[in-house]
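Number of protein chains: 2
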Amino acid sequence: MPKSFSTLRINPARLFDSFSALSLIGATGDGGVNRPALSEAHLAARDWFCAEAESAGLDFHVDGAGNHSAVLTCQPSNLQTLLLGSHLDSVSNGGRFDGALGVAVALEVLKTIKENGINLKFDLEAIDFTDEEGTLVGLLGSSALAGRLHPEALKNPRGGRQNLLEGLARAGLSEAGIFTAARPKESLAGYLELHIEQGKRLERMGIDIGIVSAIVGIRSYRLGFIGRADHAGSTLMTDRVDASLGASAFTLAAREIVMGDFPGCVVNVGRMDFAPGAFNIVPARVDLSLEFRSPDEEQFEKMDTALMACAKEQVTRFDLGLEIECFEKHAPNAMTAKVQQVFADSCEDLGLTHVSLASGAIHDGQSFDGVCPIGMIFVPSVDGASHAPREFTKWEDCVNGANVLLQTVLRLGRG
Amino acid sequence: MPKSFSTLRINPARLFDSFSALSLIGATGDGGVNRPALSEAHLAARDWFCAEAESAGLDFHVDGAGNHSAVLTCQPSNLQTLLLGSHLDSVSNGGRFDGALGVAVALEVLKTIKENGINLKFDLEAIDFTDEEGTLVGLLGSSALAGRLHPEALKNPRGGRQNLLEGLARAGLSEAGIFTAARPKESLAGYLELHIEQGKRLERMGIDIGIVSAIVGIRSYRLGFIGRADHAGSTLMTDRVDASLGASAFTLAAREIVMGDFPGCVVNVGRMDFAPGAFNIVPARVDLSLEFRSPDEEQFEKMDTALMACAKEQVTRFDLGLEIECFEKHAPNAMTAKVQQVFADSCEDLGLTHVSLASGAIHDGQSFDGVCPIGMIFVPSVDGASHAPREFTKWEDCVNGANVLLQTVLRLGRG
Numbered sequence: 509m510p511k512s513f514s515t516l517r518i519n520p521a522r523l524f525d526s527f528s529a530l531s532l533i534g535a536t537g538d539g540g541v542n543r544p545a546l547s548e549a550h551l552a553a554r555d556w557f558c559a560e561a562e563s564a565g566l567d568f569h570v571d572g573a574g575n576h577s578a579v580l581t582c583q584p585s586n587l588q589t590l591l592l593g594s595h596l597d598s599v600s601n602g603g604r605f606d607g608a609l610g611v612a613v614a615l616e617v618l619k620t621i622k623e624n625g626i627n628l629k630f631d632l633e634a635i636d637f638t639d640e641e642g643t644l645v646g647l648l649g650s651s652a653l654a655g656r657l658h659p660e661a662l663k664n665p666r667g668g669r670q671n672l673l674e675g676l677a678r679a680g681l682s683e684a685g686i687f688t689a690a691r692p693k694e695s696l697a698g699y700l701e702l703h704i705e706q707g708k709r710l711e712r713m714g715i716d717i718g719i720v721s722a723i724v725g726i727r728s729y730r731l732g733f734i735g736r737a738d739h740a741g742s743t744l745m746t747d748r749v750d751a752s753l754g755a756s757a758f759t760l761a762a763r764e765i766v767m768g769d770f771p772g773c774v775v776n777v778g779r780m781d782f783a784p785g786a787f788n789i790v791p792a793r794v795d796l797s798l799e800f801r802s803p804d805e806e807q808f809e810k811m812d813t814a815l816m817a818c819a820k821e822q823v824t825r826f827d828l829g830l831e832i833e834c835f836e837k838h839a840p841n842a843m844t845a846k847v848q849q850v851f852a853d854s855c856e857d858l859g860l861t862h863v864s865l866a867s868g869a870i871h872d873g874q875s876f877d878g879v880c881p882i883g884m885i886f887v888p889s890v891d892g893a894s895h896a897p898r899e900f901t902k903w904e905d906c907v908n909g910a911n912v913l914l915q916t917v918l919r920l921g922r923g
Numbered sequence: 509m510p511k512s513f514s515t516l517r518i519n520p521a522r523l524f525d526s527f528s529a530l531s532l533i534g535a536t537g538d539g540g541v542n543r544p545a546l547s548e549a550h551l552a553a554r555d556w557f558c559a560e561a562e563s564a565g566l567d568f569h570v571d572g573a574g575n576h577s578a579v580l581t582c583q584p585s586n587l588q589t590l591l592l593g594s595h596l597d598s599v600s601n602g603g604r605f606d607g608a609l610g611v612a613v614a615l616e617v618l619k620t621i622k623e624n625g626i627n628l629k630f631d632l633e634a635i636d637f638t639d640e641e642g643t644l645v646g647l648l649g650s651s652a653l654a655g656r657l658h659p660e661a662l663k664n665p666r667g668g669r670q671n672l673l674e675g676l677a678r679a680g681l682s683e684a685g686i687f688t689a690a691r692p693k694e695s696l697a698g699y700l701e702l703h704i705e706q707g708k709r710l711e712r713m714g715i716d717i718g719i720v721s722a723i724v725g726i727r728s729y730r731l732g733f734i735g736r737a738d739h740a741g742s743t744l745m746t747d748r749v750d751a752s753l754g755a756s757a758f759t760l761a762a763r764e765i766v767m768g769d770f771p772g773c774v775v776n777v778g779r780m781d782f783a784p785g786a787f788n789i790v791p792a793r794v795d796l797s798l799e800f801r802s803p804d805e806e807q808f809e810k811m812d813t814a815l816m817a818c819a820k821e822q823v824t825r826f827d828l829g830l831e832i833e834c835f836e837k838h839a840p841n842a843m844t845a846k847v848q849q850v851f852a853d854s855c856e857d858l859g860l861t862h863v864s865l866a867s868g869a870i871h872d873g874q875s876f877d878g879v880c881p882i883g884m885i886f887v888p889s890v891d892g893a894s895h896a897p898r899e900f901t902k903w904e905d906c907v908n909g910a911n912v913l914l915q916t917v918l919r920l921g922r923g
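So the protein sequences, as listed, match chains A and B. Note that the numbering used here has the first sequence beginning at 509, numbered continuously upward. Note that the numbering used here has the second sequence beginning at 509, numbered continuously upward.
Please keep in mind that the hints were generated in silico from the structure rather than gathered at the bench. Be aware that one or more of the hints could be misleading.
The list treats identical chains as interchangeable, and a pair is accepted whether it falls inside one copy or across any two copies.
[As the list claims (entries may be wrong)] No farther apart than 25 Å at their CA atoms in a straight line, the calculated lysine to any residue pairs in the SDA-like style are these:
# : residue 1 : residue 2
1 : K708      : M745
2 : K663      : F787
3 : K837      : E764
4 : K810      : V579
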């Protein structure tokens, strides 16, 4: 790469102003933002995106899935586009960095390349994907663009059908229109994303940049522990068939199993619903929301088997019934080896320390597995905080990540 | 007691017809009834009560708390009334015996005594107390009549203030009027109740009648286990502060403590509320609904201390915070010794087996502790079922119980 390119840097002051303005949209006053997908606050953030694109002289367009794009046409002869993206939606009362930083950095990379008049072998597109967080469907925009969205996913979405329809109406979108966002894979040069780590590994190791090796697979189940409702005063302890015991014992045992036998994996019991749910009635049923993740498919299968065996063991122990309902199965997605290497080269060139790690969270990048090259970098999260107002990344780390993304785009586009 | 009185029996066919008609009101089609306090179905059951009283030539009145009474004046010179009662309200989708059987039996006892022209030394009053089950407040009618209702209890009732106001309006009652139901203790000769056991003890022992020694005390707490919300994918297992662990460990340990160290007592974790309650977020908080009961005050205190120490131990173990909120404290209530003895004498005379046992459930009788003599008998519950449509008591057991109540009234009223 010519010397002039390797010394190119983004404009930190411009990025700071841009990101600061974005952080005010849907701000909750405690450092966080509340911008669920297609809410009024999210749509206001998309107005910011549109204004940013126009003031930078970038082409702007919105597809049928509501994905917002700012495009820099590098050469009229280019047949492919390199997507640089993330998302402007947040979880309910989330942080201001998750997704938003990646979108602001993507725009800044395009601005830097445009103002330096650099022609790459692909066009560049900064993109804000619709509903990454899953308030409505999850990875809605990226899976639609990648041609991976199943109509079934819109029938019974995790946020409820009514919320989806209301969100689409608010954004002027239609259900049928979402599928028109699909692009031919030949048109995609790749997808790159900068994101906060959402964990403590980089901070603990004192490393500048995480180069994502794989995005974990996720499985989620609803486990129904079935007991019998009885009067909680007049029924002897020995006569009870208490669903809470199986659910509680499973919760403790699942953690032991994963921590003991599945290093690098995680398990979460995020919710229990008790029925009938009264102080004075023995629980007839507890529905437990279970999720677990692994970056490795084989390990994933073994963990699944071990956890289901554990659930069966606990219901036998407490004389309960068990109903197992699978909600979600995402296989792990490996990031493209070549892109990981170019990220590493860029870090070396910038004098930044880097480490390869798996992403425990899902990201839009996984929608492009098998469609085009994918790459992702993490910047450190202070105290690992995520999906909360206290989520924070030091400004120096944000700038470092932006420069790694810029350098990687240049290396890939001139290579 | 004269021979003619000791051979007096209730009319089983008349009781059967009466109770069968009552069971149809609010029937859910599966053997149960749905008659929450002051619901339309409950008010319809009270119309049945009114018609029963009138057709039997008993005086009928309703007090300011909505308690329905059928009165048999035995002698114009009587200054006291013996109350025979129970309640016609049910839990949501409850059984047809709980409360209703006691009211039908009380009416049958009055009919039998009236048709035999027997003069007792007190008047008799069959009474249907308002809201025993606590859909609105709990023991509302009996505590109002006993002069024990605190205005505070109506401010934030367990069923919600709105439900209470709507129920009162439906029944033509007023909040201020409830307190006018209070009677001078000098006017009360006592309170007797027949109820189903709601447990398996009598059935298991093969005994006809349970003579209640005490009604258990109840304490209920909301225990808040406080952790920290984190991303359930990107946060390492060792970095989590997971509220579900404390709540689960407490649930298992509380059962061990009560079964091991507090015989005859019970504990229930009837509900847990997870916040934020998502598959993919480590639980920041679990609010656990805890209730425990003991018939003995000293044992009760020890159990309370042991359970609270257990909660503290679990939060220390998992590095959580703890918030303790006490919801309810009912002390145990002993039944009057003399009344228990007369119940036993009546059983002996009728050739029925009997046993002394504590009531694990609360009942209107406890409102009269310290006000007047109280007595209560149980008839066996098949399989111990309670608060459920499968609740059932054999007809022979219902008739036996009714005759024990009749004989006890005669013995107390002639003695």
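Evaluation of the provided hints:
no.	hint	result
1	K708 to M745	between (44 Å within a copy, 11 Å between copies)
2	K663 to F787	between (36 Å within a copy, 20 Å between copies)
3	K837 to E764	within (22 Å within a copy, 37 Å between copies)
4	K810 to V579	neither (44 Å within a copy, 72 Å between copies)
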